[in-house]
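Listed here are the chains, written in short residue letters.
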Amino acid sequence: MCATCGCSGGTILEHHEHGHEHGHEHGHGHPETRTVTLEQAVLARNDALAELNRTWLADHGILAVNLMSSPGAGKTTLLERTIRELGARLRVSVVEGDQETVLDADRIRATGAPAVQINTGAGCHLDAQMLADGLRTLDPPERSVVLIENVGNLVCPALFDLGEQARVVITSVTEGAEKPRKYPQMFRAADLVLLNKTDLLPYVDFDVAAFLDGARRANPGVEVLQLSATTGDGVAGWYDWLRARLP
Amino acid sequence: MHEMAITQSVVQAVCERMGDAPVRRVCLEIGTLSGVVADSVRFCFDLVTEGTTLEGASLEIVQPTGKARCRDCGAEFALTDLLALCTCGSANRELLAGEELKIREVEVLA
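Protein sequence lines correspond, in order, to chains D and V. Residue 684 is where the first sequence starts when you use this note's numbering, and the numbers rise one by one after that. Residue 32 is where the second sequence starts when you use this note's numbering, and the numbers rise one by one after that.
With the rest of the complex left out, here is chain D:
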C-alpha cells in the first residue's frame, strides 16, 4: 500500500502512473521493489560455525563442555579443583570468556593447565567464532577435555551454540532458589545443573526443594548435582559425569 496516498500496490510497487484519479496532488513516485522470501534462521551463520567446531572436536576425540552461570557462581573455582584433582588422569584445557581482563586464565594456568582468555569487550556471551579462535590458539591434544567458561550471564549465552557436546549451568546457593524460574531459557538449555557452594547452606536462606522444582519445570528430567567446589563435597559426581562423556 502506498504510504502517502493509500492506493494499493501489491508486492511489486510500480512507478506511480496511477490509472485512477486521486483528487489531490502529490509528486511522489515509488521505486520498484520486490519481496524476497528468506525463511532463514537469524543465527544460521553462528549455527553453521558451531557445527564445524562440533565436527572438529569429534574428529579429534575432544570433549568440549560449555559452563554457564551468573557472575560469582564459582565456575573458575570449580575448574581449578577439577584440574587439580583430575589433571593427572585427564588432559584438561580451558577457554575463558570474560568481558575484560586475563585474571581467570591466569588462575587456570596457575593449576598447570593450558588456558586461553577471550575478552568479549561489550559482548555478553561467547559465540561459535570465538570458540573456533580459542581452539586454534589452544590447540588441545587429541582425546582431551576442553572446558569452556562462558561469560558470567544467565541470559545471553543460552542462545548461542558453540559446537560443544554438553552444556552445564551452575548456580550457587547464595544466589537464591528462584533462579530457574527467573531464567528458564538458560535452565532449559542445560544438560546438567550444578548447585554449588552447598557448604554455605547452613548460613543462607536457600530452599533446595524449590530450586530443584524450578529446574525441572524448565527442563524436565535434567540431572542436578549438589556440590561445593571449595570443600570438594559432592564433586565426585561431577567427575563421574565428565568421565562418562569422554569420547
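No lab work stands behind these hints: they were computed from the structure. Bear in mind the structure is a predicted one, so any value in this text is a computation, not a measurement. Wrong hints could be hidden among the right ones.
As the list claims (entries may be wrong) - Cβ-to-Cβ under 8 Å is the rule here; a few derived chain V residues that face chain D: (1) His33; (2) Arg73; (3) Val139.
Built from N, CA and C at the ideal position, the CB exists for glycine as well.
Given chain D's structure and the hints, the job is docking chain V onto it.
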C-alpha cells in the same frame, strides 16, 4: 543484552543474501518464548543498519505465541512462559511454537 548481536546477525545475513540491493523492509519472526526482546531489536536496528544497504529500511516483527504438546497426556496447549504446566500437571512438554528466530522476508529495490 544479546539483541545487539542478534540484530547484527540479521544485518549480516541479509547483506550476504541480497548483495548490493538497497533493502527497504525487513520482516522478522521472533517468538514470544525465543528469549529475544522484540523492542530491543527495534532499538538496535537503526544503529546497526547505519552505513549498510539496510539503512532506512523499515522493520516488521511478527511474534508467534507459544504452543506446546504434553508428552504425558497428549494435549496441545498455549504456553505463555517456559514454566507453564499442562492442565494435567505435567511439565514434560514439547514446544511446537514460540521459539522462532528467523528472517521471514525482505523487500529490496528491484
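- Message: Checking each numbered hint in turn, tell me which of them this model violates, lowest number first.
- Response: 2
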